[in-house]
Amino acid sequence: MRKVAIVGAGMTKFVRRSLETGKELSWQAAKMALDSCQLTLDDVDCVVMGTAPDAFDMIHMKAEYLSDGAGAWRKPYMRGFVGGGTGVFVADQGWYHVASGLFDTCLVVAEEKMSCCLPHPQGAFITCWDQFTESPLGTSLLWFFAWEMNRYMNAHGITEREIALVAVKNKKNAMNHPCAQLAAEITVDDVLNSEIMAWPVKRLDVSPTSDGAVAIVLAAEHVAKRISDKPVWIEGVGWCLDTMYIGQRDLYYPRYVEYAARMAYNMAGIKEPSKEINIAEPYDPFDYKELHHMEGLLLCGKGEAARLTADGVTQRTGNLPTCPSGGALGVGNAIAATGLMKVAELFWQLRGEAGKRQVPGKPKKGVAQAWGDEMQVGTVIVLGV
Amino acid sequence: MPVDKVVQLSQTKPLHGEIPVYGQYTFGVAGERFFREIKDNGRIMGARCERCNLTYVPPRIYCERCFSELKEWLAVGGRGIVHTYTVAYFDLEGARLPEPVIVAMVQFDGVYGGLVHRLGEVRPEEAKIGMPVEVVFKDKAERVGSINDIAYFKPC
Amino acid sequence: MSEKVKEWPGTALKEDDITEKRVLSTEWHPNLKYAWDTGIGYGRYFAELKKGRIIGTRCNKCRRVLLPARVFCEWCFRTVDEWVYLEDTGTVNTFSIAYTDWVANRIEEPQIPALIEIDGSGGVAIMHLIGEVDPWKVKIGMRVKAVWKPEGEREGAITDIKYWKPVDE
Amino acid sequence: MLPRVAIVGIGFSSFRSITPDISFKEMMFEAATRAYEDAGVCPQQDIDGFVTCEEDFAHGRSIFSIHTPDNLGAVLKPIHTIPGDGIYGLAAGYMQISTGLMSIVAVESHSKASNMLTPNYLIAHALDPVYNKPLGYNPYFIAGMEMNRYLFETGTTKEQCALVAVKNKLNALLNPQAVYGERITADEVLGSEMMFYPLSRLDMSSPADGGIVMVLASEEKAKALTDKPIWIRGIGWCSDTPGLETREGGEAVYAHLAGDMAYKMADIKHPRKEIDFVEIDDTFSYKELQHLEALKLCRRGEAGALVEEGATQRDGEFPVNVSGGSLGVGHLVEATGLQRVLEVVLQLRGEAGKRQLSNVKVGLAQSWRGIPTNSGAAIILSRE
Chain D
1 MRKVAIVGAG MTKFVRRSLE TGKELSWQAA KMALDSCQLT LDDVDCVVMG
51 TAPDAFDMIH MKAEYLSDGA GAWRKPYMRG FVGGGTGVFV ADQGWYHVAS
101 GLFDTCLVVA EEKMSCCLPH PQGAFITCWD QFTESPLGTS LLWFFAWEMN
151 RYMNAHGITE REIALVAVKN KKNAMNHPCA QLAAEITVDD VLNSEIMAWP
201 VKRLDVSPTS DGAVAIVLAA EHVAKRISDK PVWIEGVGWC LDTMYIGQRD
251 LYYPRYVEYA ARMAYNMAGI KEPSKEINIA EPYDPFDYKE LHHMEGLLLC
301 GKGEAARLTA DGVTQRTGNL PTCPSGGALG VGNAIAATGL MKVAELFWQL
351 RGEAGKRQVP GKPKKGVAQA WGDEMQVGTV IVLGV
Chain F
1 MPVDKVVQLS QTKPLHGEIP VYGQYTFGVA GERFFREIKD NGRIMGARCE
51 RCNLTYVPPR IYCERCFSEL KEWLAVGGRG IVHTYTVAYF DLEGARLPEP
101 VIVAMVQFDG VYGGLVHRLG EVRPEEAKIG MPVEVVFKDK AERVGSINDI
151 AYFKPC
Chain C
1 MSEKVKEWPG TALKEDDITE KRVLSTEWHP NLKYAWDTGI GYGRYFAELK
51 KGRIIGTRCN KCRRVLLPAR VFCEWCFRTV DEWVYLEDTG TVNTFSIAYT
101 DWVANRIEEP QIPALIEIDG SGGVAIMHLI GEVDPWKVKI GMRVKAVWKP
151 EGEREGAITD IKYWKPVDE
Chain X
1 MLPRVAIVGI GFSSFRSITP DISFKEMMFE AATRAYEDAG VCPQQDIDGF
51 VTCEEDFAHG RSIFSIHTPD NLGAVLKPIH TIPGDGIYGL AAGYMQISTG
101 LMSIVAVESH SKASNMLTPN YLIAHALDPV YNKPLGYNPY FIAGMEMNRY
151 LFETGTTKEQ CALVAVKNKL NALLNPQAVY GERITADEVL GSEMMFYPLS
201 RLDMSSPADG GIVMVLASEE KAKALTDKPI WIRGIGWCSD TPGLETREGG
251 EAVYAHLAGD MAYKMADIKH PRKEIDFVEI DDTFSYKELQ HLEALKLCRR
301 GEAGALVEEG ATQRDGEFPV NVSGGSLGVG HLVEATGLQR VLEVVLQLRG
351 EAGKRQLSNV KVGLAQSWRG IPTNSGAAII LSRE
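Chains as they are written, first to last, in my numbering: chain D, 1 to 385; chain F, 1 to 156; chain C, 1 to 169; chain X, 1 to 384.
Be careful, since some hints might not be right.
What the hints assert, rightly or not - Per label pair, the in silico range of CB-to-CB distance:
(1) D:ARG161 / F:GLU50: 56 to 66 Å
(2) C:LYS4 / D:GLY361: 15 to 25 Å
(3) D:LEU118 / F:ASP4: 36 to 46 Å
Said to hold, decoys possible - Using 30 Å as the maximum straight-line C-alpha spacing, the simulated DSS-like pairs for lysine-lysine come out as follows:
(4) F:LYS128 / F:LYS138
(5) D:LYS225 / C:LYS6
(6) D:LYS3 / D:LYS172
(7) F:LYS5 / C:LYS33
(8) F:LYS13 / C:LYS33
(9) C:LYS14 / F:LYS39
(10) F:LYS39 / F:LYS154
(11) D:LYS302 / C:LYS6
(12) D:LYS3 / C:LYS4
(13) D:LYS356 / C:LYS14
(14) D:LYS225 / X:LYS264
(15) X:LYS158 / F:LYS128
(16) D:LYS172 / C:LYS14
(17) F:LYS13 / C:LYS162
(18) C:LYS21 / F:LYS71
(19) F:LYS5 / C:LYS61
(20) F:LYS71 / C:LYS14
(21) C:LYS4 / D:LYS362
(22) F:LYS154 / F:LYS140
(23) D:LYS230 / D:LYS3
(24) C:LYS21 / F:LYS140
(25) C:LYS145 / C:LYS50
(26) D:LYS225 / D:LYS364
(27) D:LYS364 / D:LYS271
Because the hints were derived from the structure by calculation, they are not lab data.
All C-beta atoms, glycine included, are put in the ideal place defined by N, C-alpha and C.
Extracted from the complex, chain D is given alone in its bound form (with noise of 0.2 Å):
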C-alpha cells in the first residue's frame, strides 16, 4: 500500500455569514494550503471536494459550481459526500485517490457556505429525513440531538453539568485559535442557565452555523519526502455508515464510529488506542457529542468520557488533549469544513506548529473523526509522524 502524507495546511476564518462566495472561500483555503508547502496549481493531479448539502449553499450540485475556487480547472475533480461526515471522509476519499497509484499529489478542499440557506440553516435539515414518516411531524435537527443526548444520559446516569464541561473547554481552547467564531471563556453555569432549544440541550450545548473553508494537500510518499521535511502519515482510515431506521438503533453509542474506528487503527496497526493516541479531534457540533464519540473511537469504555473530562484528561494538557483546536463549539460549525479543520489541526499539532494551542510533549500520533447524517455516519483518520 502506498504511503500517503500530509503536506500542507489552510483555513479561512469561520464566520456566521461572509461576504465571500463559497468560490472565494475555497480559494482562499486552498491557496493557503498550496503556498504553505510551496507548491503551485500545476503541482495538483487531482481535486476532492468537500461539501455536505446543496441546502446549505443553495446551489444545486454545488460541487461544480464551487470547482474553480478549490482549484479544479481542466483536472480530474470529485466529490465526496457523506453529510455531516463529510469534512474527515475527504481526507480519505483524497488518501484512496494517491494511495491507488493513480496520482501523486491531491487537493482535498472543504467548504460550507451555511448563511445561504434562509430562513434558517437549520431548516435545510428538514429536506433530510424521510419524508414519508419523519418529516411531516416538522421534525427539527434539534430533535435528534436531544434524543440521543437523553438516551445517553440515561444510560449511563451522566448528567447535564459533566456534558457542559466539554463546551467550557472548547470554547476556551478556541481563544487560542484565530480562526474562530465562539471562543469564549464561560462556566458550567454559563452552559446550564441559557436558554432550552430542545431538552436537554441548550443554546450552550450546541455549535454554530457558519461559512468558512479548509484545505490539505496530500502527496505520496517519493513526492512528500522531496518537498517536505515534515510529512505527516495518513496511517489509517476509516468510514462506515448505520441502518437508516433511527428506531432501530439503540442512540446511547454510536457503533457506526466503532466500525469506522477499528477500520482506521487496523490499518493503522494500533492495537489499544486509548494507550496509543496522543490527541484526538472528534466531532463535536454538541458538547455531549465530544463524549459519545470519545467512547466510539474507543478511547475510553462506554459512558466513561464524563469522567475523564472532569478529571482534566482532555485539557491541553491532559494526557489525552481532545479537540484542541477549539472544536466545533469553539471554532464554528461549517459542517464539512470543520471536519477538515480537525484534520488541519492535527496537521499543524503533530508539526509542533499549532502555535499558542500546541499540545505538549510532542505528540506523534492524532486521531480525528467526523460523524454525520442521520445520527449514523462515522468518519475516521488517523496521522502519525
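Fit chains F, C and X to the supplied structure of chain D, relying on the hints for placement.
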C-alpha cells in the same frame, strides 16, 4: 403470506412536497465591486492575471488557471461581440414565451469570458455569431446592483 | 505554518449589513417540487394508517420485525416474508422537550418529540410526538398509546396519528 | 503498474418513463440483488465497500447518503456517496480496490426523474446565483448556445445532428430496456418544435427512471468469481471551468481531458483503431458529435460526416450508442453513465441479444454531467 408487489394503480399514491428553504447570496469580494461599478459608474470591469495574460470578466479575486490573487482591475468598455447565442422559445415554467428571447454570450475585446445576457433591439433572425454589440444599462436610478442593471446588449 | 500566518482570510458580515443593503445580495426561491413514489412498503404502511392500524413486516430468516413496513430485510438482504399488524401502544425510548421549530424559531408551547418502541415489534421505535401530558413529567420507559385523528380526517400519512398520550397500566 | 480491476456483476431495475409501483429504495434493492446474483456475492460477507452516485435536489432529499446503506446491504459497512455521474462512482471503486484496502466494491446509481416535478427549476438552481440565476431564463438556453457555437466552429449541420437522433432512437428499438425507441426521419427531427435555437425538441433526450448496480473486483477475486470479467483498462474524469462565461463554446474540453487520462492509463495511442465501439453522452443530439471529436475518435468537424455516412450505425464500421443512448433509452440523470457502461459490459460479454455486435473486444463509455456543468468521465473496458 409473502409481500406482494403493487399490482394496481389504485394502490399507488405519491407524496407531494417541495424544498421549503430558499437562498440568499452575497456577491463576494469580486462581485461586490463589479456590481457597484455597474450600479454607480455604469462600467464593466475586468480583473487581470499578469501571469496568464488574461483579463477575467466577470472579475474574480483569483485566477482559475494559476491561482494567483488578482488585484489589478480595469474597465473593459461596453462593446463586445456575440460569441454565441440562442433563441429561447420557452420560459422557466416550460411554457411558450409570448415573444422569444435571444440569450447571448457577449465577449469583450481581449477578455477571457464575458457576460451572459439578452440581446435587444434585434430580431431573432438577425442575430449572428460575431455580431458586434454594446451594453445598454438601465437608468442609474433603477440600478440596484444586479446583473439585471444591464437592460440588454444591442447591435452596434 | 499555523503559527506563522498573520492574516487569516474571510470577511465577517453582520445580518444588517445585508438587510440594510450595505453589501449587495440576491435571493432565489428554488421552486423545487416533487411527487415521491411511496412504493410497496410505505404504500401499505400508509394505507393501514388510514385505517387506524400500524403495520410492519417480518423477515423469517432473522425473525426481526421491520418498521416502518418495508419489503426487504437490510441484514439478510432478502425479500421479507409477511405483513404483521402491531399494537398502537408503546414505550418511550427517548424524548425531547423542544422550544424551537424546524427553522430555529422559538415556540411558546413546547413539543415533545419522541422515539416510541411499538408493542409487538420487538423494540423497534418510530418517530412521533407525545401529547396530553406535562412535558416535564415525561420519562424514558413511559407507556403511551396513539391518539388517532377521526377516521374521516385521516389521509394515509404518519400524521394520521395526532400524537401519543401516556397510559396507566 | 496499476493493479487490475474488473466489473464482475451487473444488475438493473427496468428503465421506464415512470415507476409509480416502487420506491427508490425498492428500486435500489432490485438492482442490487440482481447485480449480486450476477457476481455471485453476498453483500454483508463479500463486499468491502459501496459507492452511490446521487445529487440531493434531483431526488428532493438532502444528504442522500442517509437513505442508501439498507438498500444495498451495506449497513455498518464503508459506503459513501459521490454527487456525480455513475462513472465517477466506478472511478471511486476502482481507486478503493487499487489501494489494496478493498477487494470488492459495489457502485450504485439510479434515477427517479419522474418524481421531480419542476426539472427546469432544478437545473436553473445549479446556475451561478449572482451572474446567471437572476436572468431567470429556462436553463436549456445553455445547450442552445453551445450547439450554435459548435455548429459555427465546426461547420456541422443541424441535419447531421438530426441523424444522431434518428440513429439512436432506431437502435433503441432493439434494446428492451429503452423507453424512447422509434423509427423516425431526419425531417421529423428538423420539423419538431424549435425550443432553443438551433435545438429542436427531438434533439433533446427525455428523462427515464431506473436503477443500476455494478460489482467491481480485484484481479484475484475477479478470476475466482467469473469466467467473463470485464476489465477496466482506463478511466478518467475532468472538470473544465464551471463559468458559463469562461468556457469554450464549441469544444468539450472536459471530455477531451477525461478521454486522454483514460487512454493514457489504457496505453491507447490510436483510439479509433484500438476501440471497437463506444457509448457516449448524447443528452442532446449535437453532444454525441461533439464528444466523438473530443474523444479523438474522429477529427474536429468530422463527426457530422461520420454519422451521415452511416459509420456510427449499429452495422457501421464504428458503432456509437448501440444501446440507443440517452435519446433512445431515456436520460437516467446520474445513472446515465452506468447505463452506458452496462451496454459496454453486455456487448463485451456477448449478452446484448439482438443488438449484439460481433467481434468486439474493447469498448468505451463516456458521460457528461449535463447542463450547466462542464464535467464528465470516460472509462475503457475490455475482455482481455
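A quick look at each hint next to the structure:
Between D:ARG161 and F:GLU50 the beta carbons are some 60 Å apart, a value that agrees with the proposed interval 56 to 66 Å. One distance hint, 15 to 25 Å for the beta-carbon pair C:LYS4 and D:GLY361, holds here, with the actual separation near 22 Å. Between D:LEU118 and F:ASP4 the beta carbons are some 44 Å apart, a value that agrees with the proposed interval 36 to 46 Å. The suggested pairing of F:LYS128 with F:LYS138 holds, with an alpha-carbon distance near 24 Å, which does not exceed 30 Å.
Between D:LYS225 and C:LYS6 the alpha-carbon distance is near 27 Å, which keeps this suggested pair within the 30 Å criterion. This hinted pair does not check out: D:LYS3 and D:LYS172 have alpha carbons roughly 36 Å apart, beyond 30 Å. Between the alpha carbons of F:LYS5 and C:LYS33 the distance comes to roughly 27 Å, so the proposed pair stays at or under 30 Å and holds. A threshold of 30 Å between alpha carbons decides the hint, and for F:LYS13 with C:LYS33 the separation of about 16 Å falls inside it, so the pair holds.
The straight-line distance between the Cα atoms of C:LYS14 and F:LYS39 is roughly 23 Å, inside the 30 Å bound, and the hint therefore holds. Distance check on the hinted pair: F:LYS39 and F:LYS154 sit about 19 Å apart at the alpha-carbon level, within 30 Å; holds. Between D:LYS302 and C:LYS6 the CA atoms are separated by roughly 42 Å; this puts the pair beyond 30 Å, and the hint is violated. For the proposed pair D:LYS3 and C:LYS4, the alpha carbon gap of about 28 Å is at most 30 Å, so the pair holds.
With a C-alpha separation of about 28 Å, the suggested pairing of D:LYS356 with C:LYS14 holds against the 30 Å cut-off. A threshold of 30 Å between alpha carbons decides the hint, and for D:LYS225 with X:LYS264 the separation of about 26 Å falls inside it, so the pair holds. For the proposed pair X:LYS158 and F:LYS128, the alpha carbon gap of about 16 Å is at most 30 Å, so the pair holds. Under the criterion of a C-alpha separation no larger than 30 Å, the hint pairing D:LYS172 with C:LYS14 is consistent with the structure, at around 23 Å.
Note on F:LYS13 and C:LYS162: the hinted pairing holds, with a Cα-Cα distance of about 21 Å set against a maximum of 30 Å. Taking the CA atoms of C:LYS21 and F:LYS71, the gap is near 25 Å; set against the 30 Å cutoff, the hint holds. About 20 Å separates the Cα atoms of F:LYS5 and C:LYS61, which keeps this hinted pair within 30 Å; it holds. Restraint check: the Cα-Cα separation between F:LYS71 and C:LYS14 comes to about 25 Å, which is no more than 30 Å; the hinted pair holds.
Restraint check: the Cα-Cα separation between C:LYS4 and D:LYS362 comes to about 19 Å, which is no more than 30 Å; the hinted pair holds. A threshold of 30 Å between alpha carbons decides the hint, and for F:LYS154 with F:LYS140 the separation of about 18 Å falls inside it, so the pair holds. A hinted pair counts as satisfied when its Cα atoms are at most 30 Å apart, and D:LYS230 with D:LYS3 qualifies at roughly 14 Å. In summary, the hint linking C:LYS21 to F:LYS140 is supported, as the alpha carbons are separated by about 17 Å, within the 30 Å threshold.
About 17 Å separates the Cα atoms of C:LYS145 and C:LYS50, which keeps this hinted pair within 30 Å; it holds. Among the hinted pairs, D:LYS225 with D:LYS364 is consistent with the structure: their alpha-carbon atoms are about 18 Å apart, no more than 30 Å. Between D:LYS364 and D:LYS271 the CA atoms are separated by roughly 16 Å; this keeps the pair inside 30 Å, and the hint holds.
The structure shown violates the earlier hints numbered 6 and 11.
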